[in-house]
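J.: Chain by chain, the residues run as shown.
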Amino acid sequence: MVISAQLFSFFTAGSLVIIGIFAALFLDNLIKKIIGLAFIGDGANLFIITMGYKPGGIVYIFLPNMTISNFAQNASYPLPFALVLTSIVIGASTLAVMLGLVIVLNKRHDSLSASKILGDESD
Amino acid sequence: MDSLMPIMVILPIASALFLNLLHGKDRTIKILAIVTALVLPIIPLLTGYGSHYFGGYAPLSQNSAIAQGLPALITSTQLFVFHPSIVYVFGSAQKIMIFVLGIIAFFAIFTSLSETKKPSGVYTYLMFMGTAAVTAILLSDDIFNFYVFFEIAALAQIGIVIASNVKNNYETALKYIILGNIAGPLLLLGIALLLGVTGNVNITDIIYSIKNGYVNPQNPVLLMALALITFGWLYGSGLPPFHTIKSALYSKALPHGSALIQAITVFIMVALGVMILRIFSYLSFSKMAIIAISLLALVLSITMALVQTDFKRIIGYLALGELGYIGIGLGLGTTLGITAGLFQAVNEAIITAFLFIGFGTVLYKTRISDTRKLGGMMFVNPRVALLVLLAGLAMAGVPPLNAFQSKLMLIQASIQSGVPELGIIMILLSIVTFMTFMKAFYTIYMRPKPDELEIHDYKIPKATIISLVAFLIICLTLGLFPQIATNSLQTLASSLV
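Listed in order, the protein sequences are those of chains A and B.
Heads up: the first sequence is residues 1 to 123, going by my numbering.
Heads up: the second sequence is residues 1 to 497, going by my numbering.
So here's chain A without its partners, still in its complex pose (with noise of 0.2 Å):
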């Protein structure tokens, strides 16, 4: 039951890269767009929490009672949930950035298409 739970979080994270990918390359609204790129950064985000998810394990922290070699064996792996803080701080910074510029482009193009605001471009 547990190791399914752990199935149905990659499974999860999985599917929230895909609709993300979908969403970023085939919506032409941006706000959609910024959704699913946000979606694409969650899914990673969850599917490294998932990779930390130990079944049976303990919290990661050394309590008095505890022997070191229980603790070494039973408690799960703190480092994909530190790297996961840090994830989830540089994703809020790029969908600060990705917003603040749609606000600007909307307001010199008043709308919020991405084929007529990207498209307009001379690359």
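Since the hints were made in silico from the structure, they are not lab data.
Among the hints, a few may not be true.
As the list claims (entries may be wrong) - Pulled a few chain B residues facing chain A out of the computed Cβ check, cut under 7 Å:
no.	residue
1	7
2	71
3	72
4	73
5	148
6	170
7	171
8	175
9	177
10	181
11	188
12	189
13	192
14	196
15	451
Remember, predicted model here, so these are calculated numbers, not experimental data.
The beta-carbon is built from N, C-alpha and C at its ideal position, and this holds for glycine as well.
Given chain A, put chain B in place with the hints provided.
T.: Quick look at chain B alone, frame taken from chain A:
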């Protein structure tokens, strides 16, 4: 002296934050930014080689005080040699690359501050942040730390473009950040897969696990990780299919910003390329893939440069084409090949900065970057025209300038590796690069000035001329004495073979 190692990253970040607070105080920003930027290339010269463990957490095998009393469960396994903290590694290759990055950052900041009447604290902040991020990428032996600074570098590049008052800069920045938000998480997923398989994010530990049989090297998850990390590498380096957007990014920044952005790109390409080689070099096709991608970049970018009419796009594409040479050197996988690739990276970063700042003087005098509307600039300032011509010759690999030495080494390496065809392609594309540059140079400088072209009276700042002369001196020095760089780069190259 290894305590200076984190200072290389901390100093530009601290200055960046401080300068941002000073927005509006022009004189203070100018003085502080120039002084800090001047220190950037000096620190790597003073720093001793070695490793820096953040928090002081060295591996248990090097820390007898903590290792005592630990159970065999830890001391008899690979946990004993693993690195528990973020590690910075500083060797001779990092020294030369961070020094060159510092030089480019200094001249980019120096030129930007002298060309603008009202210096922007925010713009300078972004330039410092970009420099700090790439320095950290070059130093870091931790793949996640690498990712964090990869994202910061991407944001800094976007910020520089946003802060540049160039037509359609917001649109290009949005395009780049959208692609970055696909490539970044995919790179993170690649790192997550490596973490899942090896239990580590430290690159040395990942290699240790693979080489010592703790992980099956043929595990398909590792192949998936390679694919995802390579995707991140393509985005960060502006290799195909990202060459178009990267070139657009160069063209939407001010010339000094473009000079720094391209240096960021070059060193990210090198750092990620070296990381891929370090971890995955046991897979023979990884080197083949690097060569194939690099060849594609070389051909596509130089061909695209031929048909451009905006000189910033021309330099952008030529610069991206030059990345192909670096990739070929890395992909050859021999000591000579990798040394040549790394040397080419150092040369390319300098030459492209030289070109961007040199051609930037045209923009400064005319506010036009469309070559069809330009002409006669030779008579406006012949000294600058000569400097730009020399920069172009350097990029094409004309002796005695620096890229000649690196390209010659690359050709020798390809012959030595039994693929002289690569050498022939590189020679041919160098000729095309030369032709493309000369076409742009002729159009802007040598043909008669169009009647409708308005040339402003602004005098080109002395700082810009000083920067160009300094770049020329570096190009000549490295061209005449390549061993200054190659001896330093060879150590890293031999460790990768």
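J.: Run every hint past the structure and note whether it holds.
T.: Now the hints, each set against the structure:
1. Taking 7 Å as the C-beta contact cut-off toward chain A, the hint placing residue 7 of chain B at the interface is violated, the least distance being around 22 Å.
2. Of the supplied interface hints, the one on residue 71 of chain B holds, with its beta-carbon coming within about 5 Å of a beta-carbon of chain A, less than 7 Å.
3. Annotation: residue 72 of chain B was flagged as interfacial toward chain A, and the flag is violated, the nearest CB pair being 9 Å apart, outside 7 Å.
4. Hint status for residue 73 of chain B relative to chain A: holds, with the closest Cβ pair at about 5 Å, below 7 Å.
5. Of the supplied interface hints, the one on residue 148 of chain B holds, with its beta-carbon coming within about 6 Å of a beta-carbon of chain A, less than 7 Å.
6. Using the Cβ-Cβ criterion of 7 Å, the hint placing residue 170 of chain B at the interface with chain A is satisfied: the shortest such distance is roughly 6 Å.
7. Nearest Cβ of chain A to the Cβ of residue 171 of chain B: about 4 Å, under the 7 Å cut. The hint holds.
8. Taking 7 Å as the C-beta contact cut-off toward chain A, the hint placing residue 175 of chain B at the interface holds, the least distance being around 6 Å.
9. Restraint check, residue 177 of chain B versus chain A: the minimum CB separation of about 5 Å is within 7 Å; hint holds.
10. A distance limit of 7 Å between C-beta atoms decides the matter here; for residue 181 of chain B the minimum to chain A is near 4 Å, and the interface restraint holds.
11. Interface restraint check for residue 188 of chain B: the shortest CB-CB distance to chain A comes to about 5 Å, inside 7 Å, so the restraint holds.
12. Given the 7 Å rule on beta carbons, the hint for residue 189 of chain B holds: about 5 Å separates it from the nearest Cβ of chain A.
13. Checking residue 192 of chain B against chain A: minimum C-beta separation of about 5 Å stays under 7 Å; hint holds.
14. The restraint placing residue 196 of chain B at the interface with chain A holds, with a minimum CB-CB distance near 5 Å, inside the 7 Å limit.
15. The closest approach between the C-beta of residue 451 of chain B and any C-beta of chain A is roughly 25 Å, which is over the 7 Å cut-off, so the hint fails.
Checked against the numbered hints given earlier, this structure breaks hints 1, 3, 15; the rest are met.
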